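Chain residues, written in single-letter form:
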Amino acid sequence: MTGYIDPHIHMISRTTDDYHRMARCGCVAISEPAFWAGFDRGSADGFRDYFRHLVEVEPKRAAQFGIQHYSWLCINAKEAENVSLSRDVIAIIPEFLDKPGVLGIGEIGLNKNTPNEAIVFQEHLDLAMKTDEMILIHTPHLEDKLKGTRMIIDMLKNDPRVKPHRVCVDHVEEHTVHFALDGGFWCGMTLYPTSKCTPSRAVDILEMVGLERIMVNSAGDWGKSDPLAVPELILEMRRRGHPESAIKKVVYDNPLEFFRQSRRWSEPSLRNES
Amino acid sequence: MSQVNPLKPTPTRTLLEQQFLEIRCKILDLAAQLDRLQRGGDLEAIEGDPKWTRIQKGIAILTTTQPAKAQSVQELFSLHYDPEWKKPSPRF
Numbered sequence: 001m002t003g004y005i006d007p008h009i010h011m012i013s014r015t016t017d018d019y020h021r022m023a024r025c026g027c028v029a030i031s032e033p034a035f036w037a038g039f040d041r042g043s044a045d046g047f048r049d050y051f052r053h054l055v056e057v058e059p060k061r062a063a064q065f066g067i068q069h070y071s072w073l074c075i076n077a078k079e080a081e082n083v084s085l086s087r088d089v090i091a092i093i094p095e096f097l098d099k100p101g102v103l104g105i106g107e108i109g110l111n112k113n114t115p116n117e118a119i120v121f122q123e124h125l126d127l128a129m130k131t132d133e134m135i136l137i138h139t140p141h142l143e144d145k146l147k148g149t150r151m152i153i154d155m156l157k158n159d160p161r162v163k164p165h166r167v168c169v170d171h172v173e174e175h176t177v178h179f180a181l182d183g184g185f186w187c188g189m190t191l192y193p194t195s196k197c198t199p200s201r202a203v204d205i206l207e208m209v210g211l212e213r214i215m216v217n218s219a220g221d222w223g224k225s226d227p228l229a230v231p232e233l234i235l236e237m238r239r240r241g242h243p244e245s246a247i248k249k250v251v252y253d254n255p256l257e258f259f260r261q262s263r264r265w266s267e268p269s270l271r272n273e274s
Numbered sequence: 001m002s003q004v005n006p007l008k009p010t011p012t013r014t015l016l017e018q019q020f021l022e023i024r025c026k027i028l029d030l031a032a033q034l035d036r037l038q039r040g041g042d043l044e045a046i047e048g049d050p051k052w053t054r055i056q057k058g059i060a061i062l063t064t065t066q067p068a069k070a071q072s073v074q075e076l077f078s079l080h081y082d083p084e085w086k087k088p089s090p091r092f
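Sequences listed follow chains X and Z, in order.
Heads up, the first sequence is in the working numbering, so the first residue is 1 and it goes up one at a time.
Heads up, the second sequence is in the working numbering, so the first residue is 1 and it goes up one at a time.
In short, the hints are calculated from the structure, not lab data.
Note that the structure is a prediction, hence the values are computed from the model and not measured.
Ideal Cβ placement from N, Cα and C applies to all residues, glycine included.
Be a bit skeptical, because a hint or two may be false.
Which residues of chain X face chain Z? A partial, calculated answer using Cβ under 7 Å [stated by the list, open to error]:
1. A118
2. I119
3. Q122
4. L127
5. E143
6. K147
7. R150
8. M155
9. E173
10. E174
11. H175
12. L206
13. E207
14. D221
15. H242
16. E244
Derived lysine-lysine pairs resembling BS3-like cross-links, with alpha carbons at most 30 Å apart [what the hints assert, rightly or not]:
17. K69(Z) / K57(Z)
18. K8(Z) / K112(X)
19. K26(Z) / K147(X)
20. K147(X) / K57(Z)
21. K60(X) / K86(Z)
22. K224(X) / K57(Z)
23. K112(X) / K69(Z)
24. K78(X) / K51(Z)
25. K87(Z) / K147(X)
26. K78(X) / K87(Z)
27. K163(X) / K86(Z)
28. K99(X) / K147(X)
29. K26(Z) / K224(X)
30. K51(Z) / K249(X)
31. K78(X) / K147(X)
32. K87(Z) / K248(X)
33. K86(Z) / K78(X)
34. K130(X) / K86(Z)
Let's have the full structure, built from the sequences with the hints guiding it.
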C-alpha cells in the first residue's frame with residue numbers, strides 16, 4: 001500500500017470513522033487549514049476556541065489511527081469581509097504559532113475578490129512575513145477562480161518579502177496552475193466530486209505540467225467531498241500505468257518536502273510501506 | 001517546467017478503447033440536459049442569457065480540434081481580470 005499525505009483536509013467536520021478509513025487506505029499524515037465553519041462567527045473568542053481545537057484536539061484524534069496531524073491558522077476569506085473581526089483574529093494568531101504541528105498561516109485567500117478580502121489577505125501576509133511563517137492559499141470557486149488567483153499572485157509578487165517556495169497556491173485547475181508554477185510557488189489540486197478537479201483531470205494536469213512543486217488533496221469538509229479522494233487519484237495513476245515512484249512523489253514526497261520548510265518542523269516517523 | 005515529466009500520456013488508441021463508454025455516457029447526459037431545457041417549452045426566453053450563451057460557446061469548444069479544450073472551457077466560465085486593480089500595500 002502506498003503511504004500518502006493529505007495536505008488539505010478539514011477533519012473538524014469529519015467523523016472518527018473517516019480517520020479510521022483514511023488510515024486503512026494508507027494515510028500517514030494530514031494538514032488541516034483553518035476555514036469557514038458554515039456560518040460567520042461572532043467574535044475573535046470563537047476563533048480562539050477553534051484554533052485550540054485545531055492544535056490540541058485533532059492531533060489526538062488523528063494519533064489514535066497513526067496519522068500525524070498538522071495545522072494552519074488564519075481567518076478565512078469568507079469571513080474576511082468583516083475587516084474589524086479579521087484584525088482581532090489576526091492579533092490572536094501569534095498565541096498559537098509555536099504550538100506543535102502548526103505549519104504556518106492558512107488557508108488565506110480570496111472568496112468573491114472584494115477590496116476587504118484583499119486588505120485582510122495582505123494583513124495576513126504582513127503577519128506571516130514578520131513571524132517567518134509558511135503560507136497556504138485558498139483560491140476562489142468557479143467563475144471567481146481565475147480572477148482571484150491572478151489577484152492573489154499580484155499581491156504575492158507585490159510583496160518583496162514573500163519567498164514563493166514557501167507558499168502553496170491551492171485549488172488550482174487547468175486555467176490557473178501555470179500562474180502558480182510559473183511564479184515559483186507550490187500548488188495544490190483539490191479532488192472534489194463535482195467542482196474543482198476530479199481525479200482524472202488532476203492526473204491530466206500532472207501529465208501536462210509534471211511533478212515538481214505540486215500536490216493533491218481532498219479538502220474534505222462538511223460539504224460534498226471525499227476524504228478518500230487521494231487514494232482515488234493513486235488508483236487513477238495506476239490505471240494509466242504511471243510508475244509507483246511518480247505516485248509516491250505526488251502524494252507523499254512533495255507534501256513532505258513542502259512541510260519541511262516550516263520553521264517548527266520536527267521530522268516525524270511516518271509509516272510508509274512503499 | 002525545466003525537468004522532464006516522467007508521466008507519459010496514454011496512447012490515443014488505448015484511451016479510445018478504455019474511455020469510449022464513459023465519453024458516450026457524458027455526451028448522452030449533456031444531450032438529455034439540453035432536451036430537458038427544450039422541453040421546458042421556453043427556449044426563446046433564455047436566448048441572450050449569459051449562462052445559456054456560455055453553454056453554447058462551451059459546446060462549440062468541444063467540437064474543435066484545438067488542444068487545451070478544458071482550459072478554454074474554464075476560461076469561458078471565468079470573470080474578467082483587470083491587471084490594474086487597486087492592490088493593498090504591504091506594511092513593512
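To see whether the hints hold, each was checked on the structure:
For A118(X), the interface hint holds, the least distance from its beta-carbon to any beta-carbon of chain Z being 5 Å, beneath 7 Å. Given hint, I119(X) at the interface with chain Z, holds; its Cβ is 5 Å from that chain's nearest Cβ, closer than 7 Å. Nearest Cβ of chain Z to the Cβ of Q122(X): about 4 Å, under the 7 Å cut. The hint holds. Here the hint on L127(X) is broken, as its CB sits about 10 Å from the closest CB of chain Z, past 7 Å.
Proximity of E143(X) to chain Z holds as hinted, the smallest CB-CB distance being about 5 Å (cut-off 7 Å). Taken as an interface hint, K147(X) checks out: its beta carbon lies about 4 Å from the nearest beta carbon of chain Z, inside 7 Å. Interface restraint check for R150(X): the shortest CB-CB distance to chain Z comes to about 5 Å, inside 7 Å, so the restraint holds. Given the 7 Å rule on beta carbons, the hint for M155(X) holds: about 6 Å separates it from the nearest Cβ of chain Z.
The closest approach between the C-beta of E173(X) and any C-beta of chain Z is roughly 6 Å, which is under the 7 Å cut-off, so the hint is satisfied. A cut of 7 Å between beta carbons decides the hint on E174(X): the least distance to chain Z is about 4 Å, and the hint holds. Proximity of H175(X) to chain Z holds as hinted, the smallest CB-CB distance being about 4 Å (cut-off 7 Å). Given hint, L206(X) at the interface with chain Z, holds; its Cβ is 6 Å from that chain's nearest Cβ, closer than 7 Å.
Here the hint on E207(X) is kept, as its CB sits about 5 Å from the closest CB of chain Z, short of 7 Å. The beta carbon of D221(X) is not positioned within 7 Å of any beta carbon in chain Z (closest approach about 23 Å), and the interface hint is therefore violated. Contact between H242(X) and chain Z, as hinted, is supported at the beta carbon level, the nearest pair being about 5 Å apart and thus within 7 Å. Annotation: E244(X) was flagged as interfacial toward chain Z, and the flag is violated, the nearest CB pair being 11 Å apart, outside 7 Å.
Restraint check for K69(Z) and K57(Z): satisfied, since their Cα atoms lie roughly 12 Å apart, inside the 30 Å limit. Distance hint between K8(Z) and K112(X) is unfulfilled; the C-alpha atoms sit about 37 Å from each other, more than 30 Å. Restraint check for K26(Z) and K147(X): satisfied, since their Cα atoms lie roughly 29 Å apart, inside the 30 Å limit. Of the pairs offered as hints, the one joining K147(X) and K57(Z) holds, with about 20 Å between alpha carbons and a cut-off of 30 Å not exceeded.
For a cut-off of 30 Å, the pair hint linking K60(X) to K86(Z) is broken: about 44 Å separates their Cα positions. Taking the CA atoms of K224(X) and K57(Z), the gap is about 28 Å. The hint holds against a cut of 30 Å. With a C-alpha separation of about 26 Å, the suggested pairing of K112(X) with K69(Z) holds against the 30 Å cut-off. A threshold of 30 Å between alpha carbons decides the hint, and for K78(X) with K51(Z) the separation of about 25 Å falls inside it, so the pair holds.
With a C-alpha separation of about 13 Å, the suggested pair K87(Z) and K147(X) falls inside the 30 Å cut-off, and the hint holds. Pair hint K78(X) plus K87(Z) holds up; C-alpha atoms about 19 Å apart against a cutoff of 30 Å. About 22 Å separates the Cα atoms of K163(X) and K86(Z), which keeps this hinted pair within 30 Å; it holds. Distance hint between K99(X) and K147(X) is unfulfilled; the C-alpha atoms sit about 35 Å from each other, more than 30 Å.
For the hint pairing K26(Z) with K224(X), the CA-to-CA distance comes to about 21 Å; that is within 30 Å, so the pair holds. Using a Cα cut-off of 30 Å, the hinted pair K51(Z) and K249(X) is violated, with the two alpha carbons roughly 40 Å apart. Annotation: proposed proximity of K78(X) to K147(X) holds, straight-line Cα distance about 16 Å (limit 30 Å). Restraint check for K87(Z) and K248(X): the C-alpha separation of about 39 Å exceeds 30 Å, so the hint is violated.
Annotation: proposed proximity of K86(Z) to K78(X) holds, straight-line Cα distance about 20 Å (limit 30 Å). For the proposed pair K130(X) and K86(Z), the alpha carbon gap of about 24 Å is at most 30 Å, so the pair holds.
When the structure is compared with the earlier hints, violations turn up for hints 4, 14, 16, 18, 21, 28, 30 and 32 and for no others.
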